[in-house]
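J.: Residue strings, one per chain:
There are 2 protein chains.
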Amino acid sequence: MTVSYPPKRLLYGPGPTQVEPRVYNSMTQPLVGHLDPCFLEVVDEVRQGLRRVFGTANEMTLAISGTGSAGMEAAICNFVEPGTRLGVFSAGYFAERIAEMGRRHGAEVVQWQKPWGKVFGDDEGAELIERDKPGTVAFVHAETSTGAMQPGKGICDAAHRAGALAIADVVTSLGANEIAADANGVDIAYSCTQKGLSCPPGLAPITISARAMERLDRRKDPVEVWYLDLKLLREYYDAPHKYHHTAPVSMFYALSEALRAIEAEGLEGRWRRHLEAHERFVAGVQAMGLQMHVAPGRRIPNLNTVRVPAGVDERQVRSRLLEEDGIEIAGGLGPLAGQIFRIGIMGPLATAEGVDHFLGAFGRALG
Amino acid sequence: MTVSYPPKRLLYGPGPTQVEPRVYNSMTQPLVGHLDPCFLEVVDEVRQGLRRVFGTANEMTLAISGTGSAGMEAAICNFVEPGTRLGVFSAGYFAERIAEMGRRHGAEVVQWQKPWGKVFGDDEGAELIERDKPGTVAFVHAETSTGAMQPGKGICDAAHRAGALAIADVVTSLGANEIAADANGVDIAYSCTQKGLSCPPGLAPITISARAMERLDRRKDPVEVWYLDLKLLREYYDAPHKYHHTAPVSMFYALSEALRAIEAEGLEGRWRRHLEAHERFVAGVQAMGLQMHVAPGRRIPNLNTVRVPAGVDERQVRSRLLEEDGIEIAGGLGPLAGQIFRIGIMGPLATAEGVDHFLGAFGRALG
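Top line first, the protein sequences correspond to chains Y and X.
First residue of the first sequence? That's 1 in this note's numbering, and the numbers climb one at a time after it.
First residue of the second sequence? That's 1 in this note's numbering, and the numbers climb one at a time after it.
I should point out that these hints are in silico values taken from the structure, not numbers from a laboratory.
Each hint should be verified, as a subset may be incorrect.
It does not matter which identical chain is meant; a pair holds if it fits inside one copy or across any two.
[Claimed, not checked] Cut-off 27 Å, straight-line C-alpha distance, at most; resulting in silico cross-link-like pairs (DSSO-like, lysine-lysine): (1) Lys242 with Lys118; (2) Lys242 with Lys114; (3) Lys8 with Lys242; (4) Lys153 with Lys118; (5) Lys133 with Lys220; (6) Lys133 with Lys153; (7) Lys242 with Lys220; (8) Lys231 with Lys242; (9) Lys153 with Lys114.
All chains should be modelled from the sequences, with the hints used to inform the complete structure.
T.: Next comes the structure, spelled out in structure tokens:
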């Protein structure tokens, strides 16, 4: 007997997103111990695959045993201390969350605000950093709440000139877009498994530059959060493999299989496929008379935000999609609640067929 | 193609432990969104099943999206604040970890020490609490590092007389032993999925009394750890189901299936089966001339600690078991490293056949 209730859904929301059957199957592989030599091989394969999708040579690249938000908190709690000035480029829900975590961990948070859906220019970002002199800077590469993509190189360069570390939230972009963490100068990037990596939720990939690890090694007080302490995780995942927690073995099987599928497709081909699906999607919704929320050139290819037309009840549209076509999408958060639809075109659904199938159902649901 | 490397192991260690095929299969069920009505039903089923294994009517019973150590940290960070006096009954590795987490979260930790493998008597526990007047008390019901079972009722009663909250670590006991959280007066109990519940690692069941939640509601400063903030988790898992993180959907499928298997067996029958397997195991190792580390009457039925005989290299024994029979067991931690074997007889392996198979292989490996 297996679980009988989950219906087949097409996950066109911001996440969790559609997963390939081979990834589900990988989780039926029997458990081995979390310090078994075979598991350590799986972990090493995952770490190597993550380096490729992050675009980094960072030794300290691993998966945190929690969901994407645990990755965010690991980035914050290890790299701010009570009194650290944390500068947050803020134009959406997830930037607000970073600021909130920063405050909880005792940082002096400087929140640079823009309307939700806008991005910061390079010069603008550099000026804010020079003016406020934060010790750590954070930005959201792909702001899932708005659909806007924030370029990172200008911010990272300015942060480094100011002696600050740069944290990038790549929760929605990793696996579907180029991250190029090293080339962009990102010190800490974190993500989740259930969006661009097409894997179930449960792990939070993270990568940390040598420069950031040196700063962590100089930190005097221990990180408050034992579970997310990167120094302890380094000793667990690297030799001497000192016991820390029990890694979620089945989730590592899933992530290793998802990364293999990505390798098999090829990273550049995968990014191109997402971009092409995005272009087809945008042309389709515009042909339906709908408007995108974010300006061209600033859009996240795999997470589209479409304005809710006047007079349309967006909750009713989402209910109809779920009930009639088994399709999940999401609505807006915060100031964008009721204003936008959030539509993920990712992984196995980022194809011409996937876009067309969605648009047909979307048109019917909009009435 | 599926993952090809994990060999078939028999997991006779402290965890992860052997999982039933039906639980693995449940993870192949397709993902639904984490706020999908169907997923909310799965979550409610899991919460109801957890109440039964914890022996509680606590409304606030749920699964944290991390492994057992995340459950421990949730218990600590929500119920100690900077300056809280945290009293820890300490006679093993996991009690030390509780104390360490308490210090990190700013508690004034009072660690009541005993040699590893001993337990505290009711009067003794009450005297320590009366003397040191902690605001929160923690004990480890089943100390996985030593094999000793610490009774909890006396501690909880004394804690309540002193106005303190009582935290119980039931990481190894839940699912294989009676917890009776309400009858014992436990305020906060947390566990993992990969030991007595016979499920893969990835979630941390936790239950919190109304009394403890009231204290949390009166707390002024927010909990430092956003990811483990029980007030936010309450709003996510209860109505209005306000978005917090993305729950690891596949792990919830697994846990719901594992709990169904436990229901199908019946709780009392399951506890009895583990006790009988334990008795058979103890008789067997004693017949081989080996000694148990913990005194009779104080032993954890599903996690046995056996003294390493003089002249035996325990690492070699463990390697031989792994290589020749695919059997995993664990060695000791801290002061017990090299001194004991830690042998879990749990879940599908807690049968006469499971014990006999292990003892045969163990005898050969000991040479």
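J.: Can you give me the call for Lys153 and Lys114, within, between, both or neither, at a CA distance of at most 27 Å?
T.: within (19 Å within a copy, 55 Å between copies)
J.: Can you tell me if Lys242 and Lys220 fall within 27 Å by alpha carbon in one copy, between copies, both or neither?
T.: within (21 Å within a copy, 37 Å between copies)
J.: Tell me, please, which holds for Lys133 and Lys153 at an alpha-carbon limit of 27 Å: within, between, both or neither?
T.: Cα proximity of Lys133 and Lys153: one copy only (18 Å, versus 54 Å across).
J.: Could you figure out if Lys133 and Lys220 sit no more than 27 Å apart (CA to CA) within one copy, between two copies, both or neither?
T.: Answer is within: at 22 Å inside a copy they meet the 27 Å cutoff, but 30 Å across does not.
J.: Given identical chains, is Lys8 near Lys242, meaning Cα to Cα at most 27 Å, within a copy, between copies, both, or neither?
T.: between (41 Å within a copy, 24 Å between copies)
J.: Check Lys242 against Lys118 for me: Cα-Cα at most 27 Å, and say if that holds within a copy, between copies, both or neither.
T.: between (45 Å within a copy, 25 Å between copies)
J.: At most 27 Å between alpha carbons: which applies to Lys242 and Lys114, within, between, both or neither?
T.: between (44 Å within a copy, 24 Å between copies)
J.: Taking 27 Å as the upper bound on the Cα-Cα distance, should Lys153 and Lys118 be classified as within, between, both, or neither?
T.: within (17 Å within a copy, 57 Å between copies)
J.: At most 27 Å between alpha carbons: which applies to Lys231 and Lys242, within, between, both or neither?
T.: Answer is within: at 11 Å inside a copy they meet the 27 Å cutoff, but 33 Å across does not.
Of the numbered hints stated above, none is contradicted by the structure.
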